[in-house]
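With the hints as constraints, model all of the structure from the sequences given.
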Amino acid sequence: MVCCLSLLLKKESAAFSFLILLAGVLTVFFLVFPLMSPVLALVEQIEKTLSGGALSYLFKVLGIALAAQIAQELCKDAGAGALASMVELGGRALILISVFPLVQDVLKQVEGLLL
Amino acid sequence: MDVDLIFKIAAIGIIVAVLNQLLIRSGREDQAMMTTLAGLIVVLSMLVTQISELFVTIKDLFQL
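Line order of the protein sequences matches chains R and U. First residue of the first sequence? That's 1 in the numbering used here, and the numbers climb one at a time after it. First residue of the second sequence? That's 1 in the numbering used here, and the numbers climb one at a time after it.
What the hints contain is simulated information worked out from the structure, not anything from laboratory work. Each hint can be trusted.
Simulated pairs of lysine-lysine, DSSO-like, Cα-Cα distance not exceeding 30 Å: (1) Lys-48(R) with Lys-59(U); (2) Lys-8(U) with Lys-76(R); (3) Lys-48(R) with Lys-108(R); (4) Lys-59(U) with Lys-60(R); (5) Lys-8(U) with Lys-10(R).
Stretch by stretch, here's where chain R covers chain U in the computed footprint (C-beta under 8 Å, at least three residues): (6) 15-29; (7) 47-59.
Cβ coordinates follow ideal geometry from the N, Cα and C atoms, glycine included.
Spelled out as structure tokens, the structure:
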């Protein structure tokens, strides 16, 4: 429904068609996202019992990836391919930065084993 | 969050498009551009609050 509304307005003003697409993305996101919260609560319980702290990094990476993915696809919808790849690059850089402490821990453990 | 946001934006878009054509036919191209810009700014201001809400939700849920 959102797509045909945006196609309807494509001829007169392309900007409005993109804005309608954006509104559709936001609406669907807010309708679907509450369904996810029980899953995340379950994963949190698992994290408390089993693994140490690595799962919090997983949460961070998931959040960043989700936000970067939405932004990138929106740029691609608007036709700006280069901008989309830049946004994706930014998302990857943020993920790498957020996982950095984990990598350092692994390196320390490896050093401990070798020496 | 509900679906009427889409209908609101679609209605504004259609009104602005029709107004645009009307003004162009009656010879006032510059005013036509003004109305399109005005409609765009109104819709953008509505969407900005929704986008900030989107990122706040993601931040809360993933403890970023």
